Structures are given as C-alpha cells and as structure tokens.
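**Student:** Could you build the full structure based on these sequences and the hints that come with them?
As you go down the protein sequences, you meet chains A, B, C and D in turn.
In terms of the working numbering, the first sequence opens at residue 1 and continues consecutively.
In terms of the working numbering, the second sequence opens at residue 1 and continues consecutively.
In terms of the working numbering, the third sequence opens at residue 1 and continues consecutively.
In terms of the working numbering, the fourth sequence opens at residue 1 and continues consecutively.
None of these hints come from the bench; they were simulated from the model.
Since the structure is predicted, the reported quantities are computational estimates derived from the model, not experimental observations.
No residue lacks a Cβ here, since even glycine has one placed at the ideal position from N, Cα and C.
Watch out, some of these pointers could steer you wrong.
[To be verified] Cβ-Cβ distance ranges computed for the label pairs, FRET-style:
hint: 1; chain 1: C; residue 1: G28; chain 2: D; residue 2: R48; range: 29 to 35 angstroms
hint: 2; chain 1: B; residue 1: G73; chain 2: C; residue 2: V133; range: 47 to 53 angstroms
hint: 3; chain 1: B; residue 1: M31; chain 2: D; residue 2: M31; range: 41 to 47 angstroms
[Unchecked claim] Computed list of lysine-lysine pairs in DSBU-like fashion (alpha-carbon distance at most 35 angstroms, straight line):
hint: 4; chain 1: C; residue 1: K102; chain 2: B; residue 2: K93
hint: 5; chain 1: A; residue 1: K102; chain 2: C; residue 2: K102
hint: 6; chain 1: C; residue 1: K93; chain 2: D; residue 2: K93
hint: 7; chain 1: D; residue 1: K93; chain 2: A; residue 2: K102
hint: 8; chain 1: B; residue 1: K102; chain 2: C; residue 2: K93
hint: 9; chain 1: C; residue 1: K102; chain 2: B; residue 2: K102
hint: 10; chain 1: D; residue 1: K102; chain 2: A; residue 2: K102
hint: 11; chain 1: B; residue 1: K93; chain 2: A; residue 2: K93
hint: 12; chain 1: D; residue 1: K93; chain 2: A; residue 2: K93
hint: 13; chain 1: B; residue 1: K102; chain 2: D; residue 2: K102
Number of protein chains: 4
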Amino acid sequence: MMRDELQARVDGCPLHRLLGLTVEDCDGSGMVTISLTARPDFSRHDERIELHGGIIATLIDVTGAYAVVTKLGQNVPTINLSVDYLRFARGEKLVATARLVKCGRSIAVVDIEVGDETGTLVAIGRGTFSSAVQAATPA
Amino acid sequence: MMRDELQARVDGCPLHRLLGLTVEDCDGSGMVTISLTARPDFSRHDERIELHGGIIATLIDVTGAYAVVTKLGQNVPTINLSVDYLRFARGEKLVATARLVKCGRSIAVVDIEVGDETGTLVAIGRGTFSSAVQAATPA
Amino acid sequence: MMRDELQARVDGCPLHRLLGLTVEDCDGSGMVTISLTARPDFSRHDERIELHGGIIATLIDVTGAYAVVTKLGQNVPTINLSVDYLRFARGEKLVATARLVKCGRSIAVVDIEVGDETGTLVAIGRGTFSSAVQAATPA
Amino acid sequence: MMRDELQARVDGCPLHRLLGLTVEDCDGSGMVTISLTARPDFSRHDERIELHGGIIATLIDVTGAYAVVTKLGQNVPTINLSVDYLRFARGEKLVATARLVKCGRSIAVVDIEVGDETGTLVAIGRGTFSSAVQAATPA
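**Tutor:** Have a look at this one:
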C-alpha cells in the first residue's frame, strides 16, 4: 500500500479527520509513520499546549493498526493497547512510527514510538490487533 | 471532592470540553463515573456511529486519573495505561467507572470499566498514575 | 470441570509441580483460585522470604489460563500478560483468584488478583488468552 | 557495573540460583543480556521441553530490572510488567536483552526482547520500575 492510498484510508474515518492525521511514510510491510499537528483543543490545559494523553494514545492506536492494515489490506480491530508516557508533549507536532513485530494467523503485535518534532521520545506504545481474515467484529 | 467541583475541574481541560464529558458520580475516595455522548465525528467510520478506540482509551485515561485526583486533590500524570477492547461501542453513550486499587506514596493504580448505556461492558482499562506530592512533571 | 479434575490437569505440567500449586476452588465457568506455598528458593533474597515477582507473574499466568481452560476444556496459549505489583509478598502463601471477563470466538480476557494468606492484595494481573478451537500453537 | 559484578548480584537471589541465570553481557548504562538454559522442569508439559510462560515472564522481569540496576547501582522494585508471547520457546536456551528506554527521577521504563538460541524472537516485554533513590519498598 502506497502513502496516498493509506492517507485516503486514514481519512475515511471521521475521528481521524477531526484529529487531522497525516501519513508521513509507509513501506507496505509493517512500517508506518503518521503525524498530528497540535491544536489548543487537544491540550491538557488552557495555559499552553501540552497534548493530552488521550490524543497520544489515539495516535498510537491508529498508527499501530495501520501498520497491520498495510500488511494485510484489511481493517483490524484492536484487541489490546498499552501506552507508557515518558515526557509531556509540548511541541507543535507529534510523529508516531509503528513497526510490525509479529503478524500471525490471528494476532498481530506492533510497537509504536511517539516523538515530538525535535525527535524527542514522548511515549511508547504496544498493541495487539486481530489479524484473522475478515475479523470484522471484535475477537 | 463533590460532583460539581469535579465537573468544574474536568471542564478546565480543553480536550475534555471538546469531548463533552459529564461527571455522573464520585465518592471522594477513589470511585468516579464519567460519561461521554457519542457523536458522528468520534466514530470509526461514516456508515454509523461506532466509537473509535482512541475515544474509549481517552475516556479510560481521564476517568482513571480523576479517581486519583478526587483522593489526592491534585492533578496526576499518567505513567502507564492499558486497554482491553471487548466489544464495539455502538450505543449513544459510554459510561466509564474507575476504582482506585492502590494509592501509594508515589504510585496509584486504578481499574476502569467502560460500558454502553445498556450496561454492556465494552472495554476495561488499567492505569498507573504518579501520586507523588506535586508531581507536576512526568516521573 | 471439578476441583480434582483441574488439580490433575495443573499437575500435568512440570513447572507447576516444581512450584507446588494447589487448586483451592473453581466453579467451572471461569472462576479459579490457585494457591502457592512460599519457599526460600522462591524468594527475592536470602535474608527472608519475599516472593520473587517472577513467581507472582507465573501464578497469575497459570491461574488466568485455567480460568479459560475450565470454561473451554482445552489448553489455551497466553497471548499477553500484564502484572501490577502492589506490595511485597512476605506471607507464607499466595492465593490467586481469576475471573473470566470475556470468552469470545478467538480471544479470552481474564482478571487475576493475588493476595497473601491474610487476604491483603499483593498484585493484580490481566491476561489475554487464545480461545480459538484447537489453538495448539501461538496465534 | 561489569559483567562479573552483575553476575554476583544476580546470584545473590535464591530464585535466580534456582533458575540458573547467566549474565552474557552488560554495558553499564542500561543494556543487559541474561540467558537461561532450558530444563525439563521448566517446561509446559512432559512430552518435550517448551519453556513455560512464567519462566519467560520471570526472565523478562529480571533482565529488565537489572538494566536499571546497572544504571543506578541499587535494587529496583518492579511496578508493572507486560509480556507479549510470540512463539513457543522450544530451544535449549533463552536469551533476554533489556534496553533502558527512560530512567527518570522516580520511574524507569525498560524494553526486553527474548529470543531462543537461534535468535528467533519468542516474546517481548516492557517493564516499569521504581528508580527513586532508596525505593526499598513498593511505591
């Protein structure tokens, strides 16, 4: 799957359009980079922009899922997601890169790193996704 | 902390206002219930409303954090968050209930359940939060 | 599955015999209680017995898996396991109770609590297991 | 901390001696490799040696903790541990390598990979440890 094709698929989801996600890169075999531009209403407080942990978790979930999607060509439900928050996200942009660790008959495992625009690591995530053929509903 | 006071604190965060969170209940000692009303732009796709996993993760993070906040009276950074998705969230409303499992000198652990408006369990989450006094920055 | 039948199955595994696990209770529909007696060589140090975190994680994994086994009647590979350690385990006995949260077509989710013999909570765990029919190999 | 010094520290724990852990490598700044030799009583069943998930989780916990220990020079309690099991561990040896992702004032985060003796990835783990000075008791 090429970058433009993946961007179209990402934009097919209402929440992704609300967040404004940009596919920066993808290699068609499990590596995907997606970025998000900070906005005041994504922040943890009114004083300044520090991206809310929920925004970071969402970006991790989305980027991880598309790592599997680019490999399998079908949407994949998330089974389990975990996020470790390392630093506050104060920059203007978040960049998440996902790497497919395993893509088995029924389970895919993905590692996701989130950095700010200087490349400083802000959070790391790990997701388990259903990779079963036509897993249209939760497993 | 009373329900009205907690609602005011929840509303002090821009992302919470964007999502439209309602404090349904809190007992001041670690139990908090917060609800979210489904909207088309929170959905996974355009055909119908199925709440995106990122919205569910965000609700879990927020509800878990406020379980600690009502106990300690100060904001708490999330250290770690994990979510298990059980069923698609097709209802008009999500209701998350958090229960404080431990509130130690530096770490608090919270269990969070998310159900739809019929009470069917949609996801379960578990969070670790920094409970150190004045943990204004990530641990 | 009755208690004696489950005990025989537990004892069919070499590591379980090494650890000395006792099935205390099971209801055949996803609730299982298994205990372990502390031994000096299961400890974190030589000064006194504090059960090692790996022993606690193992007990959580085993008890969670058998919660699914008693429901399905077949062995289930662990997909994902997470443990939150709450207190040091200084007692003579650990008691783990598992509760089946979901048992779907391919994924089962289980919550596990571990207490000492006074009932004080020592750790909590959550596991995802493969519930697919004949999942003899990892998913 | 040098390899011999770390081996002596590892051997100071009764469970580590029971398991027979060998420090293969450490760089003193958060990278540690520890191996374990398979034994029949560490297996999941009697037919052949497939290392039990609890043994794998224990090796992940230990290797992750020592990644922090080599950095800080003091023992560190595990706060949270998660393990994703990728394949059955059928080889004669397991090799775990830990990499320190963050070492903050109170929290350290470590990634751990476990492979068999052919280098095939068997499981991945992630741990949160207490890095506070003199965190002699759980946080």
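**Student:** Taking the hints in turn, state whether each one holds.
**Tutor:** Hint by hint, here is what the structure shows:
Taking the beta carbon of each, G28(C) and R48(D) are about 30 angstroms apart, inside 29 to 35 angstroms as hinted. Distance hint for G73(B) and V133(C): a CB-CB separation of about 51 angstroms, consistent with the stated range 47 to 53 angstroms. Roughly 43 angstroms separates the CB atoms of M31(B) and M31(D), a value that falls within the hinted 41 to 47 angstroms. Annotation: proposed proximity of K102(C) to K93(B) holds, straight-line Cα distance about 21 angstroms (limit 35 angstroms).
The straight-line distance between the Cα atoms of K102(A) and K102(C) is roughly 24 angstroms, inside the 35 angstroms bound, and the hint therefore holds. Between the alpha carbons of K93(C) and K93(D) the distance comes to roughly 31 angstroms, so the proposed pair stays at or under 35 angstroms and holds. A hinted pair counts as satisfied when its Cα atoms are at most 35 angstroms apart, and K93(D) with K102(A) qualifies at roughly 21 angstroms. Among the hinted pairs, K102(B) with K93(C) is consistent with the structure: their alpha-carbon atoms are about 21 angstroms apart, no more than 35 angstroms.
The suggested pairing of K102(C) with K102(B) holds, with an alpha-carbon distance near 24 angstroms, which does not exceed 35 angstroms. Only pairs whose Cα atoms come within 35 angstroms are accepted, and K102(D) paired with K102(A) is accepted, the gap being roughly 24 angstroms. A threshold of 35 angstroms between alpha carbons decides the hint, and for K93(B) with K93(A) the separation of about 31 angstroms falls inside it, so the pair holds. At roughly 44 angstroms between alpha-carbon atoms, K93(D) and K93(A) are farther apart than 35 angstroms, so this suggested pair is violated.
Between K102(B) and K102(D) the CA atoms are separated by roughly 24 angstroms; this keeps the pair inside 35 angstroms, and the hint holds.
The structure is inconsistent with hint 12 alone, although it conforms to all the rest.
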